[in-house]
Amino acid sequence: MSADRRGPVSGPHVSGPEGAPGVLLYGDATCPRCQLAVLRLRAAPVRLTWRHLVLRARGPRPRALAGALEAAGRQDAFWPVLDAVVADPSRTEDPDLWALARRLGLDVERFDLDRRDEGTTAAIAADLADGLQAGAVGTPAIVVGGGAVEHGVPDDAWIDALLQRA
Amino acid sequence: MAIISAGSAVPQLTLKNEDGSDFTQEDLTGRTTVLVFYPFAFSPVCTDQLQVYEELLPELAEQNAVMYAVSTDASYSQIAFKEKLGVTIGQLSDFEPKGDASKALGAYFEPAGMTNRALVVVGPDGTVAWSHLASSPGELPGVDKVREGLAAVTA
Chain R
2 MSADRRGPVS
12 GPHVSGPEGA
22 PGVLLYGDAT
32 CPRCQLAVLR
42 LRAAPVRLTW
52 RHLVLRARGP
62 RPRALAGALE
72 AAGRQDAFWP
82 VLDAVVADPS
92 RTEDPDLWAL
102 ARRLGLDVER
112 FDLDRRDEGT
122 TAAIAADLAD
132 GLQAGAVGTP
142 AIVVGGGAVE
152 HGVPDDAWID
162 ALLQRA
Chain A
5 MAIISAGSAV
15 PQLTLKNEDG
25 SDFTQEDLTG
35 RTTVLVFYPF
45 AFSPVCTDQL
55 QVYEELLPEL
65 AEQNAVMYAV
75 STDASYSQIA
85 FKEKLGVTIG
95 QLSDFEPKGD
105 ASKALGAYFE
115 PAGMTNRALV
125 VVGPDGTVAW
135 SHLASSPGEL
145 PGVDKVREGL
155 AAVTA
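The listed protein sequences correspond, in order, to chains R and A.
If you count by the numbering used here, then the first sequence holds residues 2 to 167, one letter each, in order.
If you count by the numbering used here, then the second sequence holds residues 5 to 159, one letter each, in order.
In short, the hints are calculated from the structure, not lab data.
C-beta atoms are modelled at their ideal positions from N, C-alpha and C, and glycine is treated no differently.
Just so you know, not all the hints are guaranteed correct.
What the hints assert, rightly or not - If you anchor each label on the Cβ, the simulated ranges turn out as follows: (1) A:Thr131 with R:Ala100: 54 to 64 Å; (2) A:Thr131 with R:Pro18: 18 to 28 Å; (3) A:Glu100 with R:Pro33: 47 to 57 Å; (4) A:Glu30 with R:Pro13: 48 to 58 Å.
Said to hold, decoys possible - So these bits of chain A aren't anywhere near chain R, every CB distance computed over 10 Å: (5) Gln55; (6) Pro145; (7) Asp148.
As the list claims (entries may be wrong) - Short, incomplete list of chain R residues facing chain A, as computed with Cβ under 8 Å: (8) Gln36; (9) Leu37; (10) Arg57; (11) Arg62; (12) Gly120; (13) Ala123; (14) Ile125; (15) Leu133; (16) Gly136; (17) Val138; (18) Gly139.
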C-alpha cells in the first residue's frame with residue numbers, strides 16, 4: 002500500500018455531546034481500570050477525550066492496541082474499536098483485531114499498515130509525553146477542565162459531582 | 005519525620021544492591037542520583053509509579069543521572085517485582101536493619117513500618133540537591149516532580 006492511501010493522523014478522539022462537561026482520559030486500552038473508566042464515561046453525559054498513556058514496561062500489547070485505535074481512527078472507527086475492546090478485552094490479539102476491523106467494514110490492509118506507521122508512533126509518543134507532563138502517574142489518568150490529574154475509575158458519585166459543577 | 009533537606013550532606017547509610025553488595029553514601033557521588041522511595045513491592049500504586057518513571061530513564065541518562073528505587077523489601081522480592089513490572093530501574097533494599105537508611109533520610113513512614121513515598125535527588129558532589137515527601141504514601145509524585153529535582157542539581 003502506498004503512503005498516499007493513508008488518512009491523516011487521527012485524533013483527537015472525542016465522544017459525547019457538544020457542550021457537555023469535558024473529561025480527558027489518558028489511558029491504556031489493555032488496562033482493566035481504563036476499560037471500566039471508558040464504560041462508565043461513555044455511558045455518562047460527558048464529552049470524553051481519549052489520549053494514550055502507553056508505558057513500555059507493560060510490554061507490547063498496549064502499544065499494539067494503541068496503534069490499532071489510531072489506525073481505526075483514520076477510518077473514523079476509533080470509538081467502535083475502543084468500545085469493542087472494552088466490551089471483550091480477552092479478544093485483543095492481532096487476529097482478533099483483524100476480525101474486528103473486518104466486522105466494522107474497515108479496509109483491513111490499510112488498518113494493519115496504519116497501526117504501525119511513523120505517524121501513529123509519533124501520535125502515541127506525543128500523548129505519552131503530554132500525559133506525563135500533566136502529572137499522570139498511572140492509568141487511568143483523568144483531567145477535568147485543566148485541573149490536576151486524578152487517578153482511579155470514576156464512579157457514580159464522581160460523575161454526579163462533575164455534572165453538578167457544570 | 006522530616007525529609008532530608010536540600011543542601012544537606014547525605015549521612016552514612018548502607019543499602020543492599022540487587023546482587024547483595026553494599027550501596028553506601030559513597031555510591032552517591034560522581035553523578036546525579038534520584039532515589040525513589042516506595043512503600044511495598046507488588047502494591048498496585050507502586051506498580052504504576054515505577055512503570056511511569058521507567059519512561060524517564062533516557063532523559064536521566066542524558067543528564068548523567070541514575071535512578072534507584074528503595075524500599076524495605078528484601079532484594080529477592082524487589083527483583084521479582086522489577087521483573088514483573090518490566091522495568092530496569094535498579095533496586096536498593098533497606099531490609100536489615102529495617103528502614104535504617106530511609107530513616108536517616110527522613111523517608112520512613114513509622115505508622116505503617118514502611119518506606120514513605122519520597123524522592124531524594126543527590127548531586128554529583130554527594131549533597132542533597134532536592135527532596136520531596138508525599139503528603140501520604142498513596143500520593144504519587146509525577147515525572148514533573150522528578151524533573152523539578154533534576155533541575156535543582158543544575159540550578
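Going through the hints against the structure:
{"no.": "1", "hint": "A:Thr131 with R:Ala100: 54 to 64 Å", "in the structure": "59 Å, holds"}
{"no.": "2", "hint": "A:Thr131 with R:Pro18: 18 to 28 Å", "in the structure": "55 Å, violated"}
{"no.": "3", "hint": "A:Glu100 with R:Pro33: 47 to 57 Å", "in the structure": "36 Å, violated"}
{"no.": "4", "hint": "A:Glu30 with R:Pro13: 48 to 58 Å", "in the structure": "50 Å, holds"}
{"no.": "5", "hint": "Gln55", "in the structure": "4 Å, violated"}
{"no.": "6", "hint": "Pro145", "in the structure": "7 Å, violated"}
{"no.": "7", "hint": "Asp148", "in the structure": "6 Å, violated"}
{"no.": "8", "hint": "Gln36", "in the structure": "16 Å, violated"}
{"no.": "9", "hint": "Leu37", "in the structure": "14 Å, violated"}
{"no.": "10", "hint": "Arg57", "in the structure": "6 Å, holds"}
{"no.": "11", "hint": "Arg62", "in the structure": "12 Å, violated"}
{"no.": "12", "hint": "Gly120", "in the structure": "21 Å, violated"}
{"no.": "13", "hint": "Ala123", "in the structure": "16 Å, violated"}
{"no.": "14", "hint": "Ile125", "in the structure": "12 Å, violated"}
{"no.": "15", "hint": "Leu133", "in the structure": "5 Å, holds"}
{"no.": "16", "hint": "Gly136", "in the structure": "4 Å, holds"}
{"no.": "17", "hint": "Val138", "in the structure": "4 Å, holds"}
{"no.": "18", "hint": "Gly139", "in the structure": "3 Å, holds"}
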